[in-house]
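Q: Now for the letters of each chain:
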Amino acid sequence: MLVRIDPASSVPLGDQVAASVRGAIADGSVGAGERLPAARALAASLGVNVHTVLRGYQRLKEEGLIELRRGRGAVVTGAASPARARLTDAAAGLIEQARALGLTDEEIVSLVRTGLDRPLGTG
Amino acid sequence: MAGHWGITAGHGGGTVDARKGPGVRRVIVAIAPFPVAAAVVAMAYGTLAGRLPGTLATHFRADGRADGFTTAGGFLAVALGTLLAFGAVFGLLVLAPTAGRRTGSARRAGDGDRTDGVPAMARLRTAGSFIAVGYGLAGLLGYVFVRTLYANAAAGGDHPAARLPLWQVAAALGVGVVAGLLGRLLAGKDTPLPDGGVRGGAPRLPLADSEVAGWSRTVSSPVMYVLGCALLLGGLIAGPATGWSAVPGLLCGGLLVLALAGLRVTADRHGLTVTPPLLPYPRMRIPLARIREADSRKVAPLRDFGGWGYRMRPGRSGFVLRSGEALSLRLASGKEFVVTVGDAATAAALLNTLVDRSEAAEGGTEGGADGRANGDADSHADGPEGTA
Numbered sequence: 001m002l003v004r005i006d007p008a009s010s011v012p013l014g015d016q017v018a019a020s021v022r023g024a025i026a027d028g029s030v031g032a033g034e035r036l037p038a039a040r041a042l043a044a045s046l047g048v049n050v051h052t053v054l055r056g057y058q059r060l061k062e063e064g065l066i067e068l069r070r071g072r073g074a075v076v077t078g079a080a081s082p083a084r085a086r087l088t089d090a091a092a093g094l095i096e097q098a099r100a101l102g103l104t105d106e107e108i109v110s111l112v113r114t115g116l117d118r119p120l121g122t123g
Numbered sequence: 001m002a003g004h005w006g007i008t009a010g011h012g013g014g015t016v017d018a019r020k021g022p023g024v025r026r027v028i029v030a031i032a033p034f035p036v037a038a039a040v041v042a043m044a045y046g047t048l049a050g051r052l053p054g055t056l057a058t059h060f061r062a063d064g065r066a067d068g069f070t071t072a073g074g075f076l077a078v079a080l081g082t083l084l085a086f087g088a089v090f091g092l093l094v095l096a097p098t099a100g101r102r103t104g105s106a107r108r109a110g111d112g113d114r115t116d117g118v119p120a121m122a123r124l125r126t127a128g129s130f131i132a133v134g135y136g137l138a139g140l141l142g143y144v145f146v147r148t149l150y151a152n153a154a155a156g157g158d159h160p161a162a163r164l165p166l167w168q169v170a171a172a173l174g175v176g177v178v179a180g181l182l183g184r185l186l187a188g189k190d191t192p193l194p195d196g197g198v199r200g201g202a203p204r205l206p207l208a209d210s211e212v213a214g215w216s217r218t219v220s221s222p223v224m225y226v227l228g229c230a231l232l233l234g235g236l237i238a239g240p241a242t243g244w245s246a247v248p249g250l251l252c253g254g255l256l257v258l259a260l261a262g263l264r265v266t267a268d269r270h271g272l273t274v275t276p277p278l279l280p281y282p283r284m285r286i287p288l289a290r291i292r293e294a295d296s297r298k299v300a301p302l303r304d305f306g307g308w309g310y311r312m313r314p315g316r317s318g319f320v321l322r323s324g325e326a327l328s329l330r331l332a333s334g335k336e337f338v339v340t341v342g343d344a345a346t347a348a349a350l351l352n353t354l355v356d357r358s359e360a361a362e363g364g365t366e367g368g369a370d371g372r373a374n375g376d377a378d379s380h381a382d383g384p385e386g387t388a
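Residue numbers (the UniProt record's numbering), protein chains in the order written: chain A, 1 to 123; chain B, 1 to 388.
What the hints contain is simulated information worked out from the structure, not anything from laboratory work. A couple of the hints might just be wrong.
To be verified - Sample of chain B residues facing chain A (criterion: CB under 8 Å; computed from the structure):
#  : residue
1  : Ser210
2  : Val212
3  : Ala213
4  : Gly214
5  : Trp215
6  : Thr218
7  : Thr266
8  : Asp268
9  : Arg269
10 : Asp343
11 : Thr346
12 : Leu350
As the list claims (entries may be wrong) - Coverage of chain A stretches by chain B, computed from C-beta distances (three or more under 8 Å per stretch; other residues unrestricted):
#  : segment
13 : 3-9
14 : 43-52
Just so it is clear, CB atoms sit at the ideal spot from N, CA and C, and this is done for glycine as well.
Build the full structure now, drawing on both the sequences and the hints.
A: This is the structure:
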């Protein structure tokens, strides 16, 4: 699994770590059940704070892509498929575009809700 | 001796002389201890000849009493013969033509600059450690032979009364170790293989200047998991039958095999790091400064490394846990380090990029050559040495 971060970028480093892992799941180079490097080890690898990596891992956990267990580290969940990871990426892209247009968080949610309310096939 | 020089000169006088043959000095240094030890034994015999009985005590029990006897002439012949035979073996190993030692698997197309094959074999046989073993052996044997002669002389012609206490074994080993160290010093520094390979052929991973990247992956060996479990199980089953004497060995062996059955391989700004899958230690790290180039290749454990686990072969070493894709590093020392791991191409590309980057950084401050030399010095402290 390749993790690349750019400290010069405006995206928070934790999010960059999460994006790298998500990308690795999306392209199939990390599979379900595989263990991610320990946060401490990954932090040392990248020269960032452990908490930065943990923030990234926490984010992936919220997305349902990994499980964080005490003593067992971060393990990619069975539910984490490449398609799922790509979907999460697409959602991130949607949010980014919407924000670029100046939409508020509420407006983005209502945009998605409108899409959900519309019956299938009419989109 | 002159004949030996001739062979060496012809051997090393080819187009790529620097990497073919060992230097004449090294060859002499490598085979010298045996004739010297033989000469010392012969001198001791000459000095003591008047006081030695016709039959010598030549074998001793743990309590120091003699229990084996040989004629004086026979003993001298055996002693000198053994030393000179060892000298001949070491001499032949150092001087033997390297052709015919190539193994098909080790010589891949376009692999001429790799460390396996001919240059590695030539290097192994004049490596400092090899020479040290020769000196240790010559010192140990020489001491034992001379000591036996003196023990017999001290008995004053009454050979069954000769004594050689057990602690003399320790003394002999001590002499062997000292002689070995002397040999290591005389051998001097192992000259690294000249780097004939062109850097830059292997793939790179495009990385922005401000970007930081790390790669990590685990690998496990089904063969070693099965073997480890079989050893543990064997220990428990065999326990009652053998009175438990075989159990500690089997259990320790099983645990050892299981401990090496999985690895985490990390490539980052520190270089390549290999650790157990769940613990940060023990770890083996090859810093970027020691890495010349990384690549991925296929490995066949039995054919390329003679088995599974941490393998050492002339000119190459590494963790071979399964067959198939492996990360292969060409080190600054000219040796190859291999770890069988998936997605090795990505790791290799990243390492190449990072090596480029660290060389560029060093070039700006203290000069690339200096940096590499420093890295090499570091490596002897913590890194693997393939042919040790």
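Q: Now look at each hint and say whether the structure bears it out.
A: So, going through the hints one by one against the coordinates:
1. Ser210: holds (4 Å)
2. Val212: holds (5 Å)
3. Ala213: Interface hint status for Ala213/B: holds (4 Å vs cutoff 8 Å).
4. Gly214: holds (3 Å)
5. Trp215: holds (5 Å)
6. Thr218: holds (6 Å)
7. Thr266: Result: holds, 6 Å to nearest chain A Cβ.
8. Asp268: holds (4 Å)
9. Arg269: holds (7 Å)
10. Asp343: holds (6 Å)
11. Thr346: Interface hint status for Thr346/B: holds (6 Å vs cutoff 8 Å).
12. Leu350: holds (7 Å)
13. 3-9: With 7 residues close enough to chain B, the hint holds.
14. 43-52: holds (count 5)
Taken one by one, the earlier hints all hold for this structure without exception.
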